[in-house]
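S.K.: So you can see what is in the structure, the chains are spelled out below.
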Amino acid sequence: MTGTKKTGRLRSLSIALAVSLVLAPGCIRADGDEVIAMIDGSPITLSEIEGSAAFQIYRLRGSIHSLLQREAREIADRRLLEREAARQGLSVGALLKREVDGKTAPVTEKDVDAYVAAHPAEAGGGAEGRGRLTAYLEERARIQRKLDYLASLRKTSDYRFLAAPPERPRVRVEIEGAPQRGPADAPVTLVHFARFSSKPSAESAEKIHRLLEEFPGKIRWVHRNFIGTQDPVALAAAETGEAAFRQGKFWQYHDAIFARGGRVTAEAVRQAAREAGLDPDRDEAGQKQGALLRRVREDIGIGVRLGVQAAPVVFVNGIYFGGTFPLEDLRALVRRELEGVRKKEALK
Amino acid sequence: MNRTNVWILAVLALLCLALAAPQALAQGKAAQLKPKRLSSTGDSMTEAIDAELPAANHWASWVNGYHGFWEWLLGLTNVNSHNQRITKAFGSSGRANYMEAKSGADMFDFPAQAKQAVSRKASYVTVLMGHNDVCQDRFIDIPSDEVFEDRFREGMETLRQGLPAGATVYVVGIVDIYRLWQVAGDKRALGIVDCEVLWAATLLRWYPCGTMLNPLIGEAGRQFTRERNVAFNAILRRVTEEYQAQDSNHHYVFTDEIFKYPFVESHVSDIDCFHPSAPGQRKLSEITWRHGPFAEPPK
Chain A
1 MTGTKKTGRL
11 RSLSIALAVS
21 LVLAPGCIRA
31 DGDEVIAMID
41 GSPITLSEIE
51 GSAAFQIYRL
61 RGSIHSLLQR
71 EAREIADRRL
81 LEREAARQGL
91 SVGALLKREV
101 DGKTAPVTEK
111 DVDAYVAAHP
121 AEAGGGAEGR
131 GRLTAYLEER
141 ARIQRKLDYL
151 ASLRKTSDYR
161 FLAAPPERPR
171 VRVEIEGAPQ
181 RGPADAPVTL
191 VHFARFSSKP
201 SAESAEKIHR
211 LLEEFPGKIR
221 WVHRNFIGTQ
231 DPVALAAAET
241 GEAAFRQGKF
251 WQYHDAIFAR
261 GGRVTAEAVR
271 QAAREAGLDP
281 DRDEAGQKQG
291 ALLRRVREDI
301 GIGVRLGVQA
311 APVVFVNGIY
321 FGGTFPLEDL
331 RALVRRELEG
341 VRKKEALK
Chain B
1 MNRTNVWILA
11 VLALLCLALA
21 APQALAQGKA
31 AQLKPKRLSS
41 TGDSMTEAID
51 AELPAANHWA
61 SWVNGYHGFW
71 EWLLGLTNVN
81 SHNQRITKAF
91 GSSGRANYME
101 AKSGADMFDF
111 PAQAKQAVSR
121 KASYVTVLMG
131 HNDVCQDRFI
141 DIPSDEVFED
151 RFREGMETLR
161 QGLPAGATVY
171 VVGIVDIYRL
181 WQVAGDKRAL
191 GIVDCEVLWA
201 ATLLRWYPCG
211 TMLNPLIGEA
221 GRQFTRERNV
231 AFNAILRRVT
241 EEYQAQDSNH
251 HYVFTDEIFK
261 YPFVESHVSD
271 IDCFHPSAPG
281 QRKLSEITWR
291 HGPFAEPPK
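Order-wise, the sequence lines are chains A and B.
According to our numbering, the residues represented by the first sequence are 1 to 348, in order.
According to our numbering, the residues represented by the second sequence are 1 to 299, in order.
In short, the hints are calculated from the structure, not lab data.
There could be a bad hint or two in this list.
[As the list claims (entries may be wrong)] No more than 20 angstroms apart at the CA atoms, straight line, and that leaves these computed lysine to any residue pairs for SDA-like:
(1) A:Lys-199 - B:Ala-55
(2) A:Lys-155 - A:Leu-95
(3) A:Lys-146 - B:Gly-218
(4) A:Lys-199 - B:Arg-188
(5) B:Lys-283 - A:Leu-60
(6) A:Lys-146 - B:Gln-223
(7) A:Lys-103 - B:Glu-219
(8) B:Lys-283 - A:Ile-57
(9) B:Lys-260 - A:Leu-68
(10) A:Lys-146 - B:Leu-216
(11) A:Lys-146 - B:Glu-157
(12) A:Lys-97 - B:Ala-220
(13) A:Lys-146 - B:Val-230
(14) A:Lys-199 - B:Glu-219
(15) A:Lys-199 - B:Gly-191
Use the sequences and the hints to build the structure in full.
M.R.: Right, here's the structure in full:
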């Protein structure tokens, strides 16, 4: 019991902190910006801080939002149970005993057989395995019954969660000195932080290809490397990409290497370079002196500053988009951006 | 030496012992050794898999982590691990930092890892084990309470018999993996990573946690796994407390504070949506140290 009380206190503390972070504003200026701190009488505003930490702030706000969501749902469920227990003149414990334990059908040998037939991977393990499976099925049935019962109570209530989720921030992504494809004045710029040796990166590149075809002339595609330092093949592939950029053949190489679907070996890197028509001797010095490596590191540094932790990530006009999400989501974001630009131009 | 001198020497020796370890004597325990020889047993959580870069990130381990020149140069996270805290609190002389933890290890591997810790003559052994017991491909593979307890006891017995007198064993309860799963949902909601896509791509190759992450098991399946998580933590607590009560030669401490801690989205790796990120490892270190055997007394 002490543990439960302690957890309760901890939770209350977290919530209090969460609410204060979400709700407590600093001093709001006339221009709507929030003053967070002062230095010798001069203000440091939220927009200044967001310039460098917008994405981190967004993530924290998102965590607070989901904490509030979970806790509110838990409180609502507890109230529903208390209300129903009071209606029936029982304690919550007695209500659950009657509605959950009392109404959970015991697991029979037949049930176990049926489960094994439907999940052949769970077969085996002899008598001990069967015992474990029976225990699992019994407990799962009880949990399921409780979930169903709670769902039936929820249907009798009008629950609404009112706190709005945080909005995704728009950040300034440096693109100078990076390979670009598509018109420089395109209304939408996609900056793809990617790793040539990763399947999800190859898949997100494929999504961008599709969008380029769907919205001709409307998208500029910028590539930035994002790799782990313990991935020598990815590093070699990225360095070769830099060499290709210097030789004006980056996108040929990019498409050739991603055509391998992220399954990349050192030989595949050399082969993709040959397919792109790279002169293997031309940038040998650059490689030896670490110039290519420095460029790759610069990309990683830019990514880290923007909040990228793992490739692939696409910034759509500065809005972070996880590259693992489906094409439809990316398409919707691009459409929204195009619409926004169109409206802005119409206003001019 | 006459009889009076012998008595004086004996009294002085007893006095020294009493001054050196008043608390230990009060509890009838061997004087606690400084935790200078650290050995960690555990799994991928301790190896800091995917904390900052894909694969093991030992510099970011909550217990063994370090932050030297290269970590500083490459801008890697300083997690302020137990290893670092020990050096700060007890000095660098005689320090040793061993990681016996292996990614994928479960309680079946604990006795072997405990043996390794004994061979290091460790004065401080940490145990954060059991994630791979609840995290299985199939429900049938989650061990029963009896099997889990037997393996844990075997490892603890190895430590009891082999560690130097005065050594400390710190058992940390299993992280709430249901919470990690929930947090992965937050990552999706925030548009950071579509964790289910990531899991689907890697689930069967090197990432065995079907009993929590497989979307087909449903909420009841996940809650069942959480119940096992809770049951295993209760075993870890009971057995550790039993050793603390019965073994006067060593010190044993248990905490399940990291099970209770409400980890948030940024505490979980974007690389695999499950293991603690570097900030998550930092939090693990902070919590376990605060509730551990060598925390500074509150000021």
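S.K.: Now tell me if each hint is right for this structure.
M.R.: Okay, the hints, checked on the actual structure:
no., hint, in the structure
1, A:Lys-199 - B:Ala-55, "holds, 16 angstroms"
2, A:Lys-155 - A:Leu-95, "holds, 18 angstroms"
3, A:Lys-146 - B:Gly-218, "holds, 14 angstroms"
4, A:Lys-199 - B:Arg-188, "holds, 19 angstroms"
5, B:Lys-283 - A:Leu-60, "holds, 15 angstroms"
6, A:Lys-146 - B:Gln-223, "holds, 11 angstroms"
7, A:Lys-103 - B:Glu-219, "holds, 19 angstroms"
8, B:Lys-283 - A:Ile-57, "holds, 18 angstroms"
9, B:Lys-260 - A:Leu-68, "holds, 17 angstroms"
10, A:Lys-146 - B:Leu-216, "holds, 19 angstroms"
11, A:Lys-146 - B:Glu-157, "violated, 40 angstroms"
12, A:Lys-97 - B:Ala-220, "holds, 18 angstroms"
13, A:Lys-146 - B:Val-230, "holds, 18 angstroms"
14, A:Lys-199 - B:Glu-219, "violated, 29 angstroms"
15, A:Lys-199 - B:Gly-191, "holds, 19 angstroms"
Comparing the model with each earlier hint shows violations of hints 11, 14; every other hint is respected.
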